[in-house]
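Trainee: Quick note, the sequences are listed as chains A and B, same order.
Per this note's numbering, residue 34 is the first one in the first sequence, and the count goes up by one each step.
Per this note's numbering, residue 420 is the first one in the second sequence, and the count goes up by one each step.
For the record, the hints were derived by calculation from the structure and aren't laboratory data.
One or more of the hints may lead you astray.
The calculated DMTMM-like cross-link candidates involving lysine to aspartate or glutamate, where the alpha carbons are at most 20 angstroms apart (straight line), are [to be verified]:
no., chain 1, residue 1, chain 2, residue 2
1, B, Lys731, B, Asp761
2, B, Lys563, B, Asp583
3, B, Lys674, B, Glu763
4, B, Lys559, A, Asp275
5, B, Lys514, A, Asp275
6, B, Lys514, B, Glu525
Covered stretches of chain A, going by a simulated chain B footprint (3 or more residues, C-beta under 8 angstroms) [unchecked claim]:
no., stretch
7, 258 to 270
8, 282 to 288
9, 354 to 360
If you want the ones that stay clear, here's a sample from chain A, every Cβ over 10 angstroms from chain B, calculated [unchecked claim]:
no., residue
10, Asp95
11, Val149
12, Ile321
13, Asn322
Computed from a predicted structure; not experimentally measured.
All C-beta atoms, glycine included, are put in the ideal place defined by N, C-alpha and C.
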Amino acid sequence: MFGYIVRRLLAACLVLFLVSIVTFTLFFKGPSDPASVLCEDTGGRCTAAELNSIREQMGLNDGLVVNYGRFLKGLVVDREMFYQGEQLCEAPCFGISYATRQPVTPMFIEKWPATVSLVIGAFVLYVIVGLVLGALAARFRGSLFDRMVVGVATFIPAIPYYVLALVAWIVLVLQLSVFPETGYTPLVENPVAWASGLLLPWLILALAYAPVTIRYMRGYMIEALGEDYIRTATAKGVSRRDVVFVHGLRAAIVPMTTILGLDIAILLSGTVFTEFLFEIDGIGWWSINSLGNPIDFPVLNITGTAAAVLIVVGNLLVDLLYAALDPRVRLA
Amino acid sequence: MTATSQQFLEPAPQQKGPVLVVDDLTVRFPTHDGLVEAVTGLSYSVEPGRTLGIVGESGSGKSVSSMAVLGLHDPRSTRISGSIKVNGAEVIGAKESTLRRIRGNEVAMVFQDPLTALHPYFTIGRQIMEAYRLHHDVSKKAAKARAVEMLELVGIPQPDRRVDDFPHQFSGGMRQRAVIAMSLVNNPQLIIADEPTTALDVTVQAQILDLMQRLQKEFNSAIIVVTHDLGVVAEMADEVLVMYGGRAVEFGPTKDVLTRPSMPYTWGLISSVPDVHEHSDQKLIPIPGSPPSLLNPSPGCAFAPRCAHKAKVGGDMCDTELPEFLPLASNPRHLKRCHLVDPEQIYVDEVAPEIFAEDSEKLES
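One chain only, chain A, in its complex shape (with noise of 0.2 angstroms):
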């Protein structure tokens, strides 16, 4: 087990790796060049000259290995950078915003526990919504109920995302001023503002998700209630409601945890239209502001790396889980 956690760990590594890798090198190579806007700003004319001494000040003109090697440095070291005047940028370091010019490392920590909020609480009510109902609906199968649910459950994923979210904020927000003002406001702050300027975010963002959750639960439960095994609890004379949510959602579940422990990876890494309309500044927006002219390489990098993270930990703890919840499963 241990020896499983250290092996899928040492690979985890080599995946960041490799990514950071690619993403580096498409920066690199692109057609954005940091050094050309900076020349353009001193105000007045960017000679040929003049942006190459702004590049060889960057460092940019030393090559692709080279400038890699600084930013895998700077990962565990502090780094002078220079961006219009050198700059301290301290480890981990992920460069300093081209927007800004501050450091990004210190703007990511600030920002995420805004993406963090939004996510958790959306992930909470749709989980718990799309267990149940989905549940609820396998139990009932053919019955008015779940050919509600299903129908329900096929309807909302055919609205687009975006008009969903957007007829919600006009409705709610603008027209009928239901809910209030959205934004995020730190939990330790004023937990009543950040739970009111989160509600609908979640509530839209959970509408979204918990469809798919209700479907995949449903077909789950139904494949776990044909199973012979649940025939033996009904002839042991178990009542129906233990074998249908001891039994059969006991079964159920295992598949469930791949599935919601993979989707809340990729919703940390930011949830970029929600963030966008809710007005929350978490992660999801900020990289989208990034991708001006020109592109705001550093912010990318950080967001993107944590993506990479949090999708390799939530994979291996996914299998931990899957592990732990089915006895069959041994980690070698």
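Using the hints provided, position chain B relative to the given structure of chain A.
Mentor: Below, chain B alone, put in the same frame as chain A:
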């Protein structure tokens, strides 16, 4: 096991009449293609301490009828009529609470494949304990002691340790032992074993049959063994019920049915079973054709399209008229559903010599 056979039973202790009486049971499943008549007009009864073998090929209705005893069919997709009485209590149309009292307590079931019949995520012990605690108000500790005791009884080595194992940690034979332990935990008066050895190795099959017989003596339970294996029937059953196309086609004491079968379908069953002990050169004669569709049963004998002896009846009686289920003239305890006037004689004269032909040639030379 029918009323007629009662006088031949050994006097068993505390005998209070049959454990199970099935009367005119009909099970139908409505489907998109029409009504599937899985079981039609089935009647039988089982006395304490006795074993009834129900034989037939896939789709003959043997499993469907035995599942109906525990009310395991989904009422929304099944139409059941007739009567099933467990210790006098009616099962058909019974309330869920009545069914739950019967299930696992008065009547327990042993299923075909012990790997899929056990929940993969619960330990063997937990599953046995659950069965016990559903019908006994005892602590978990007492239930666990009972589970260990049951595992020991069915011959699981180190039961106090193996009780915490999961089903996948058991071998096939051990899993079936565990399933038997689970079915016996409440001392049921009737055990329905639905193909209990089909999924097992031959060597293990014998052990399991042996175990079931030993435990039957100990607990004086009645057993219904549902199977397509005549070997199992010969080994276990006091009486045999042969089913074809959802109906009983032959019934009688095991010895009579196996030595003097009186229905062409039973002949077919016997001639398709190899006998490795006595007739190693015996010819295996498969029954031609395939089982009948249960969607639109013909008005005549369900076996008629595959029957080689139809011509002996004369006319088209086999195709148009359903034979009644009647006792043989020579033996009132032996019933058959066949238009042939003297099927016993045909078996002795024509069928048996053909099955054992090479053997008798050898004996002659």
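Trainee: Each hint: holds or not?
Mentor: Here is what the structure says about each hint:
1. Proposed proximity of Lys731(B) and Asp761(B) is supported: the alpha carbons are some 10 angstroms apart, at most 20 angstroms.
2. For the proposed pair Lys563(B) and Asp583(B), the alpha carbon gap of about 10 angstroms is at most 20 angstroms, so the pair holds.
3. Note on Lys674(B) and Glu763(B): the hinted pairing holds, with a Cα-Cα distance of about 14 angstroms set against a maximum of 20 angstroms.
4. Taking the CA atoms of Lys559(B) and Asp275(A), the gap is near 17 angstroms; set against the 20 angstroms cutoff, the hint holds.
5. Restraint check: the Cα-Cα separation between Lys514(B) and Asp275(A) comes to about 17 angstroms, which is no more than 20 angstroms; the hinted pair holds.
6. A distance of roughly 16 angstroms separates the Cα atoms of Lys514(B) and Glu525(B); the hinted pair therefore holds under the 20 angstroms criterion.
7. Judged by the Cβ-Cβ criterion of 8 angstroms, the stretch 258 to 270 of chain A is covered by chain B as claimed, because 10 of its residues qualify and three suffice.
8. Counting residues of the stretch 282 to 288 of chain A whose CB lies closer than 8 angstroms to any CB of chain B gives 3, which reaches the minimum of 3, so the coverage claim holds.
9. Under the rule that three or more residues need a Cβ within less than 8 angstroms of chain B, the assignment of the stretch 354 to 360 of chain A holds, with 3 such residues.
10. At the 10 angstroms boundary, the C-beta of Asp95(A) stays outside the reach of chain B, the nearest C-beta of that chain being 58 angstroms off.
11. Listed as outside the interface, Val149(A) is consistent with that label: its C-beta sits roughly 32 angstroms from the nearest C-beta of chain B, beyond the 10 angstroms cut-off.
12. With 10 angstroms as the threshold on Cβ separation, the claim that Ile321(A) sits away from chain B holds: the shortest Cβ distance comes to roughly 43 angstroms.
13. Every Cβ of chain B is farther than 10 angstroms from the Cβ of Asn322(A); the closest lies at roughly 47 angstroms, confirming the non-interface assignment.
Checked against the numbered hints listed earlier, the structure breaks none of them; every hint is satisfied.
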